[in-house]
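A.B. asks: Each chain, letter by letter, is given below.
There are 2 protein chains.
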Amino acid sequence: MLCVAAMACTVSARADTLKQQVDGWRTAHEQDILTPFDTLIRFHSVAAEPQGIAAAAGWLQDALKTRGFQTELLAVPGAPPVVFGSLPTPGATRTVVFYAHYDGQPVTPSQWATPPFDPVMRSGPLGSGEHVVDWKTATPPYDPEWRLYGRSAGDDKVSALVFLQAFDALKALGRRPSVNIKVVWEGEEEAGSPHLQEILRKNADKLSADLWLIGDAPVHQSRRPLLYVGARGITGFDATIYGPIKPVHDGHYGNWVPNPAALAAELVAEMRAPDGRVLIPGFMDEVRAQTSAERKAIAALPPVAGELKQEFQIAQPETTDRLIEAIMRPALNVRGLRAGKVGTAATNAIPVDAELSIDFRLVPDQTPEHVRAQVEAFLRAKGWTIVDRTPDEATRLAHPRIIKIDWEAGYAAFRSDMSSPTARAVMAAAQSASDMPLAISPMLGGSVPLYIFDEIFHAPIIGLPVANHDDNQHAANENIRLQNVWDGIDVYAAMMAELSW
Amino acid sequence: MLCVAAMACTVSARADTLKQQVDGWRTAHEQDILTPFDTLIRFHSVAAEPQGIAAAAGWLQDALKTRGFQTELLAVPGAPPVVFGSLPTPGATRTVVFYAHYDGQPVTPSQWATPPFDPVMRSGPLGSGEHVVDWKTATPPYDPEWRLYGRSAGDDKVSALVFLQAFDALKALGRRPSVNIKVVWEGEEEAGSPHLQEILRKNADKLSADLWLIGDAPVHQSRRPLLYVGARGITGFDATIYGPIKPVHDGHYGNWVPNPAALAAELVAEMRAPDGRVLIPGFMDEVRAQTSAERKAIAALPPVAGELKQEFQIAQPETTDRLIEAIMRPALNVRGLRAGKVGTAATNAIPVDAELSIDFRLVPDQTPEHVRAQVEAFLRAKGWTIVDRTPDEATRLAHPRIIKIDWEAGYAAFRSDMSSPTARAVMAAAQSASDMPLAISPMLGGSVPLYIFDEIFHAPIIGLPVANHDDNQHAANENIRLQNVWDGIDVYAAMMAELSW
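Quick note, the sequences are listed as chains Z and H, same order.
Quick note on the working numbering: the first sequence kicks off at 1 and runs consecutively.
Quick note on the working numbering: the second sequence kicks off at 1 and runs consecutively.
Quick caveat, the hints were computed from the structure, so don't treat them as lab data.
It is possible that part of the hints are untrue.
[What the hints assert, rightly or not] Now the in silico label distances, taken between C-beta atoms and shown as ranges:
hint, chain 1, residue 1, chain 2, residue 2, range
1, Z, GLU369, H, GLU325, 42 to 48 Å
2, H, ALA113, Z, GLY306, 34 to 40 Å
3, H, ASP285, Z, GLU369, 48 to 54 Å
4, H, PRO115, Z, THR137, 54 to 60 Å
5, Z, HIS131, H, LEU397, 50 to 56 Å
6, Z, ASP406, H, ASN203, 54 to 60 Å
7, H, GLU270, Z, LYS296, 56 to 62 Å
8, Z, PRO106, H, PRO109, 26 to 32 Å
9, Z, ASP406, H, PRO109, 40 to 46 Å
10, Z, ASP321, H, LEU397, 18 to 24 Å
11, H, LEU279, Z, LYS296, 42 to 48 Å
[Stated by the list, open to error] Within a straight-line C-alpha distance of at most 20 Å, the following computed SDA-like cross-link-like pairs (lysine to any residue) qualify:
hint, chain 1, residue 1, chain 2, residue 2
12, Z, LYS404, Z, THR385
13, Z, LYS136, Z, PRO115
14, H, LYS246, H, LYS136
15, Z, LYS382, Z, HIS399
16, H, LYS206, H, LEU397
17, Z, LYS136, Z, SER110
18, H, LYS309, Z, ASP353
19, Z, LYS309, H, THR385
20, H, LYS341, Z, ALA476
21, H, LYS404, H, TRP384
22, Z, LYS171, Z, PHE69
23, Z, LYS341, H, GLU266
24, H, LYS136, H, LYS404
25, Z, LYS246, H, SER128
26, H, LYS309, Z, VAL352
27, Z, LYS246, H, LYS246
28, H, LYS246, Z, GLN313
29, Z, LYS309, H, LYS136
Treat the numbers as computed from the prediction; the structure is a model and nothing was measured.
Quick reminder that beta carbons are idealized off the backbone N, C-alpha and C, glycines included.
Model the full assembly from the supplied sequences, consistent with the hints where possible.
C.D. replies: Structure, rendered in structure tokens:
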């Protein structure tokens, strides 16, 4: 690496060494690294299995305790605990919190090639001619293209795993952390973090820090290491649109009895243009303009369209914008639509109702409350009557367009300052941990509740992903590529031992 | 009844007597009438059960044979047979064919209050405080508001049943038919009559007649007896719209990867206006203008909106037109829509596909071929690539909007001359069989393949319905109201013994 700026030289001269040292340690310990990872994935830490959540939390707490951390399970009634750990570094003036989450998306085991909580190593992505590998009996170093399959492998247990392994590497290498270290590992991120704010607020003193590093989401699609300084927020709703009280012969009554499937389709088309633009009046009013630093960062991101079109087998995206430009905008996603019957089950009838599931990905300065108000005002302007339960006969007879809406709470988007000294220090340390150029993104398309940390702590927040982008997170056959684990250990080691500002 | 015109007096003076006589016979035989109806409904004569179709056809053939008809099963390979019967009347100069169908719509037994092929009598419509009645042990005469529940009860086994019972009544009363009688009972009407044309054409000589009476569809919503001289045609398709090859995280890729649920919704909204108008260019070009006789008949039909809004629990129809005006127009019905998941099963993902099921109700002079061509031209103009099988990777990568379409054959609409001597004779005979004024409709909203009969036989075609309009045909809990059975026997007896022109 060439040194072109004083700070970068200072950092990279030391960190190149650190990366090499960590890589050396890792190469000698690949099996030891994967063993606890295998254990961690085996916990059924999904919302439907509270005992799996509790077991994972206990294991993680023990892992910190063993390493000398002061630990605690931060809890409020009815919520999975936050695993908290703290380890001061004598003489350090900065404190960094490492956030990750140990819960995973729900699973539908029938969709998985192998059971979601029995980790299986494969020589590559499913469908690529890969084969199952018995890594426990294979001799390291392992092929870095191997992938470990299991729910939460990439989203997001790998972030906790590389934290622990990076810590061990530094200890083994005799390298002292450069910062005070805190850990916040959440247990209900995949459920929308409904209690995180309350837990953080109750423990605000304990959690004070100069920087939050958010270990979640995948690295850039180009495989470059990624830092992100913002993330889209989220809200959404499930709606039911009502037609006749019973299925009605669509010959005798088609053109006369309102068709809820057609109404649902019209509603979607009124809210969303074919290129994804949201047509709800006022929806874009709160979208914050981009800074010149953000525009520069966006321009510097490598192209990904070609690879992604191939991966998703699509001829073209729905917009002419680049992916990063598209996710700088809010999105209206139709997650699901159901009305009547299709295929051989279809009957010539006007269906009794239509169900519609939509989520909104928000960008600064949109909030769920604003979006909800805008959507409901839009619906009322279009003649809809909004109800919160199945309408009775009197309601049906009184109102021509009835929609039942069930909103998710969700949370706002957040984007922090890319140009702060803290952000620059994180970028320099991350760059020192990789031979590839960094990808620095003003926004992550997926949602991470960054705004909660900002609202309570007002400290810089930077996203530090580990997983491969094609890890099937939120789907069946989630997996983590070994090279991403190794890179994650490098960058986490740099964040503990190289950060200074 | 007052006699105001010579012909009406001639007919009604005799027919009033016939109606009274038939009513008298029926009152004495109500249990005997329902017993074979119960047997007939028990046959699983639906497309999915060919052996049920065959059994019903055999039973019907025997019923005709027993009554002295020459019978035959008219068949072509792969199709349910048409039950044909013929009984000449010495001295008669006119021949009338009575058409009905003995197959029923598919069933979803879980949606039924009682199994669809185990007929159950109830004291009224479901949900009206009704109770189950054991009609086999009850003493007739039965309450005419009782309803017999079972698949095909109203659509359309009742038409065959009342034919047989009217024939028995005439015989018991010593009344000779006034016409030569032929019977055509079809076995795949609910599948769109794909082989009817072929069967009729092959047997055209046998089937020659001066009048086709089509025993299908419900009477007028006002409960008046209905004659119809036309019926909408039908075609339709099931379509699959393709998104990414696997479910894609809608945070990271929402706004960029095309969403097939949104595409399906847009497509529906582009094809169909909120008031039901079809927006496909050229779609209305072939719609025939109304004659003044038709306009008069439409104006004379009693209003039904109030009762129907109550029955369907809708505040208002989707159009400001009267029902009869709405069904004089073609319709685009969305039978079903499915994409992704809704409710608690929803995940934050862009679905891999969307399925859409649509039928078109056609009016003269539209044909399925024209509609198909118009729809496909419209789709191509909107950038869609139409395929007939699941696209492979190369196809997906080459075309941005891919839709797989599976068309149903369907058939054209038909409207015959309301002013012909034959039509007038049928109207007079029908009026003689009822104490209520007739409702005469230029069009039936539902589809009956009248055009096939016209194309082959060029004889007048008139629809003669029996079932109550609220018989849940094409839905769960199909039923027939006993008064409609009794009225059906009256009008069928009049058509056999009173017709002359």
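A.B. asks: State the violated hints by number, sorted upward, taking the hints as numbered earlier in the document.
C.D. replies: 2, 5, 7, 9, 14, 16, 17, 24, 27 and 29
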